[in-house]
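Chains as they are written, first to last, in our numbering: chain C, 337 to 549; chain L, 337 to 549.
Any given hint could turn out to be false.
[Unchecked claim] As a list, the in silico DSBU-like pairs of lysine-lysine whose alpha-carbon atoms are at most 35 Å apart:
| # | chain 1 | residue 1 | chain 2 | residue 2 |
| --- | --- | --- | --- | --- |
| 1 | C | K341 | C | K413 |
| 2 | C | K521 | L | K375 |
| 3 | L | K473 | C | K375 |
Since the hints were made in silico from the structure, they are not lab data.
There are 2 protein chains.
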Amino acid sequence: MSAVKIIIADASMPSAVGLRDLLTTVSGYVVEAIVGNGKELLAHMANRPCDLVLMEVSMPVMDGIDTMRAMHQLHPKVVVLAVTKLHAVEYINSMLIEGATGYFLKSGTQDELLLAVRAVLRGERYLSPAAQESVDKGYAHTSKDPSGPYVGLTSREREIIRLVALEYTNDEIAAALFISADTVKTHRRSLMSKLNVRSAAGLVKYAVDREWI
Amino acid sequence: MSAVKIIIADASMPSAVGLRDLLTTVSGYVVEAIVGNGKELLAHMANRPCDLVLMEVSMPVMDGIDTMRAMHQLHPKVVVLAVTKLHAVEYINSMLIEGATGYFLKSGTQDELLLAVRAVLRGERYLSPAAQESVDKGYAHTSKDPSGPYVGLTSREREIIRLVALEYTNDEIAAALFISADTVKTHRRSLMSKLNVRSAAGLVKYAVDREWI
DNA sequence: CTCACAATACCCACAAATGGTGATTTTTCA
DNA sequence: TGAAAAATCACCATTTGTGGGTATTGTGAG
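Hey, can you work out the whole structure from these sequences and the hints?
Structure, rendered in structure tokens:
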């Protein structure tokens, strides 16, 4: 049987190199390419198919969540293992709902990574222990259903949350986008509601994690 | 002449592995250990000396900036190359002021990393192109003097900024720390002044980058 | 034994964000 | 084309944060 073709999507060079080296110590795996963001990944996959993608959630230009959603449409059969430092429930849920098979935390060991890779290649769901814990806790405390539909943000909401994270006031955002300050407030309210946060601090963290700033 | 002894301080396993593998392809370098945070680094160095440390700025428990300051006291001769994704001026300046010799951005190439390592081992300052740009811009726009003294935060201020990032209101922070809400406001003001930010959003980003949340 | 600084607290005024409700227009897509 | 979703705006009231100044106490470094 032929080797498993793998693509690594991670903007951090040392991290991508590390993942590649770990995989190439195992026979049967071939790392076909390393890409720096979701756009590059989709461009590469357009003509060169692969079996598995190790995908960092936090990437510039096009992050893991958006990429996952696009992948699910374009390449439904490609297995994806999320490999990231982000441990909050919302990202785990988002990735799984969008179609990732596993979620590996970069704080884990080398052996764990290989376990995770083997599991997802068998089609099994894999979650790092800390990720699993995070999901359980999140479920109990916030009553967010991990199997529920992913609540996406609209493009306007993304513009707004980005400017909030850049320390703009509502008036400044309104001026920048040529809309009323009241409209900005409305957007902020639906953002806070969708992301289930209490204040701007929550919005800022979300935007930072997604590399929208 | 003997091999250069290197320690890698990075909580991200793939990243640490990647750095180790890149260095071990070059003869004359020996990676003595990989540690996950500043505390572990100092503990390791207490009895086992080394020549060079590759240090991620963003680490749990004890981050790169605090670690750098301690290193400067305890092991003044050990050369440190910061290796991180953080590209904002404040972190570059902080690390350099605290004694780092170089600052390498993880978006750089493998060749650049080796260049950086060779440069700092010669005792030369190295800055990734994007980091240099960030310093120049920061200097021009904010009139922050990169050669000025590093303004540290007090322990109380660190508690406060952490709770701000955790979406606590001033009243909640006051209740949690058993102090007056007015005192919290005073602390926030000096925080914003020291970190040169306009709103809570700036505080949140700082706390997140330093892994204080 | 000072002197600087950290931590505490209060005053006032104003700016900004949050929360609720309702509504209109435009866009998108089935 | 018709319903749903997105984007827009306007009120309201209330809470929260920002910005200025001032002052006291304790503590640690020189």
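Here's how the hints hold up against the structure:
no.	hint	verdict
1	C:K341 - C:K413	13 Å, holds
2	C:K521 - L:K375	44 Å, violated
3	L:K473 - C:K375	28 Å, holds
Consistency with the previously given hints fails for number 2 only.
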